[in-house]
Amino acid sequence: MRIASIKHAVPSRRITNESIIRMVRDHNRARLSGDQLNRLEKDLEAGLVSAGTETRHQLDHGEKAIDFAVRTAQSALEEAAIAPSEVEFLIYAGVGRGWVEPATGAAVQAALGLTNATAFDIMDGCASWLRALHVAATYIRAGAYRRGLIVNCECGLEGYAALDFDAVEQLNHRFAMFTIGEAATATVVTDKPGGNPYFAFHTFGEHLELCTIPLPTAPLFSLGAGDPRCAPGKFFARSRELFTTTIRKIVETFESDPRLRQGRYDICFGHNASEKACDVVARKLGLTHIFFSTHRGYGNTVAAAVPLGMSLALDEGKLRRGDKVLIIVGSAGITVGFATFTF
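By the numbering used here, the letter at position 289 of the sequence shown is numbered 289, and the numbering carries on one by one without gaps.
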């Protein structure tokens, strides 16, 4: 399998930390006292500075997520010189979506006019794109398909934010949502040889409740009592525990895999949950000099983070054909995933 092209697009509205803090303060002006509002503002600002979040993008009025997905996919297909009729499968990989049923991939397939393609979704939180790349590589290696398209559109995520604060302490499990940025990406894969991809995934399900966006039916599937602070349809994360546990699992898994540990890489891309997380992982694995980060300018773009980074690195001339690439993701689940390939 080879990545023939990779493209990204972001919504037009650029959001600063000051905009986020002002929105939260204005939204809760009638709910909290002046002292509480000041504490909330101070704690939110300190958290964003610590995370390394500076700016991110969100849909502006009149913008629709599907338009960014389609525009990005069309650009990727054009660069790869592949006609819509030649695409044999489409995988939609991401958290941003319009439905639980049907597959969001069906909407993208119809909008692009991929008349000969089957379409479906892969959902594994922030690891979704890497999971989709693994599935695509497996299909192509098996000879089932020759050309495919992976699309994600992590847009419209603002609705997952719980903005009504009854106490400043609620920021502890809502903070991560305020680092989220929006982006769409499209990746064209083909059966052209030379990529030699290697994938490794591990899931530690005992930590599944550290980061969730639950459905109303979640209590029926919970292994325990669940966290009462976790509301249906709203992003919830025990950020400190999630941060330390995921990083530990990433490091342990990498160091226990000889193929990953002994590899020589030209550039590394990771899930950019925060700039701080990127710095810690890169330092612990000795990858600081090759780690390409996007968080400061784009925030946590969920499953779009890795392909966004690759697209930006291509634009900046930092990713070139023939480069040996390492990908590292940590996701809710907890899932950690790795890939190596020649670009």
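It should be emphasised that the hints constitute simulated quantities derived from the structure, not laboratory data.
Glycine included, every Cβ here is placed at the ideal spot set by N, Cα and C.
Hints are not guaranteed to be accurate.
What the hints assert, rightly or not - Taking lysine to any residue pairs in the SDA-like style, the calculated list, with each CA pair at most 20 Å apart, reads:
1. Lys276 <-> Thr288
2. Lys324 <-> Gly194
3. Lys42 <-> Ala162
4. Lys318 <-> Asp266
5. Lys64 <-> Leu32
6. Lys42 <-> Val24
7. Lys192 <-> Asp67
8. Lys318 <-> Ser293
9. Lys192 <-> Phe343
10. Lys276 <-> Asn172
11. Lys192 <-> Asp323
12. Lys249 <-> Glu275
13. Lys276 <-> Ile290
14. Lys276 <-> Glu45
15. Lys234 <-> Ala176
16. Lys42 <-> Ser19
17. Lys284 <-> Thr244
18. Lys192 <-> Arg146
19. Lys284 <-> Pro258
20. Lys64 <-> Trp99
21. Lys234 <-> Lys249
22. Lys318 <-> Glu275
23. Lys192 <-> Glu86
24. Lys234 <-> Ser293
25. Lys234 <-> Asn172
26. Lys64 <-> Val100
27. Lys234 <-> Phe343
28. Lys64 <-> Ala106
29. Lys284 <-> Leu314
Said to hold, decoys possible - Computed beta-carbon distance windows for the label pairs:
30. Ala110 <-> Glu169: 43 to 53 Å
31. Tyr265 <-> Phe221: 35 to 45 Å
32. Glu79 <-> Phe221: 18 to 28 Å
33. Val49 <-> Ala110: 17 to 27 Å
34. Glu252 <-> Ser85: 43 to 53 Å
35. Asp166 <-> Ser85: 28 to 38 Å
Point to revise | Index of numbered hints that the structure contradicts, given in increasing order | key: 5, 7, 21, 24, 27, 29, 32, 33 and 35
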